[in-house]
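K.L.:
Let the sequences and hints guide you as you build the complete structure.
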Amino acid sequence: MISQSTPASTPWCIVPSLEWSMKDTFVDYMNTFRAPSYSVLNLSLGREFDDGVTLFLDIRNLTGEKYVSNFSSMINWSTSTAAQRTVFFPGDERSAYGGIAFTF
Numbered sequence: 564m565i566s567q568s569t570p571a572s573t574p575w576c577i578v579p580s581l582e583w584s585m586k587d588t589f590v591d592y593m594n595t596f597r598a599p600s601y602s603v604l605n606l607s608l609g610r611e612f613d614d615g616v617t618l619f620l621d622i623r624n625l626t627g628e629k630y631v632s633n634f635s636s637m638i639n640w641s642t643s644t645a646a647q648r649t650v651f652f653p654g655d656e657r658s659a660y661g662g663i664a665f666t667f
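Read in order, the letters of the sequence shown are residues 564 to 667 in this note's numbering.
Treat the hints with caution; some may be incorrect.
[Claimed, not checked] Using C-beta positions, here's what the derived DEER-type ranges look like:
(1) F589 x A645: 34 to 40 Å
(2) S636 x T573: 41 to 47 Å
(3) T642 x W575: 51 to 57 Å
(4) F589 x D655: 20 to 26 Å
(5) F589 x D613: 48 to 54 Å
(6) S600 x F667: 42 to 48 Å
(7) L581 x E611: 21 to 27 Å
(8) F652 x D614: 40 to 46 Å
(9) T642 x R610: 51 to 57 Å
(10) P574 x A646: 52 to 58 Å
(11) I663 x P599: 35 to 41 Å
Derived by calculation from the structure, the hints in this document are not laboratory data. These numbers were taken from a predicted model, which means no experiment stands behind them. No residue lacks a Cβ here, since even glycine has one placed at the ideal position from N, Cα and C.
P.N.:
Structure, rendered in structure tokens:
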């Protein structure tokens, strides 16, 4: 993951990040099939206040990338049946959540 944040002298926090799978990954032990590479752009925003309150917003997958986030390995993709090939798990779609944090 690659990320960059704002300097500590400001109450605002802006952190873009990139999750990057650089190259295709083999799905089977015989190295006959690969899951494709991907990149997912995320953004975190926040604002600290003097009384110890922080508001934040986190946005995941800004571009709506469709990708394989995980998979179960198998012995040999080329000799498997269609039912045995259900090994891919999709990555999360675009999502956002926010909240309030209190520091005592």
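K.L.:
Look at each hint and say if it fits the structure.
P.N.:
Right, here's what the structure says about each hint:
1. A beta carbon spacing of about 19 Å between F589 and A645 contradicts the range 34 to 40 Å that was offered as a hint.
2. A hinted range of 41 to 47 Å holds for the C-beta pair S636 and T573, which are about 46 Å apart.
3. Taking 51 to 57 Å as the suggested C-beta distance range, the pair T642 and W575 conforms, at roughly 55 Å.
4. Distance hint for F589 and D655: a CB-CB separation of about 23 Å, consistent with the stated range 20 to 26 Å.
5. Separation of F589 from D613 is about 53 Å and conforms to the stated range, judged on CB atoms against 48 to 54 Å.
6. The hinted range of 42 to 48 Å is satisfied by S600 and F667, whose Cβ atoms lie roughly 44 Å apart.
7. In this structure the supplied range 21 to 27 Å holds for L581 paired with E611, their Cβ-Cβ distance being about 24 Å.
8. Evaluation of the 40 to 46 Å hint for F652 and D614 yields a pass: the beta carbon distance comes to about 42 Å.
9. Between T642 and R610 the C-beta distance comes to about 56 Å, which sits within the given range of 51 to 57 Å.
10. Checked against the given bound of 52 to 58 Å, the beta carbons of P574 and A646, roughly 55 Å apart, stay inside it.
11. Roughly 38 Å separates the CB atoms of I663 and P599, a value that falls within the hinted 35 to 41 Å.
Comparing the model with each numbered hint stated earlier shows that hint 1 is the single one that does not hold.
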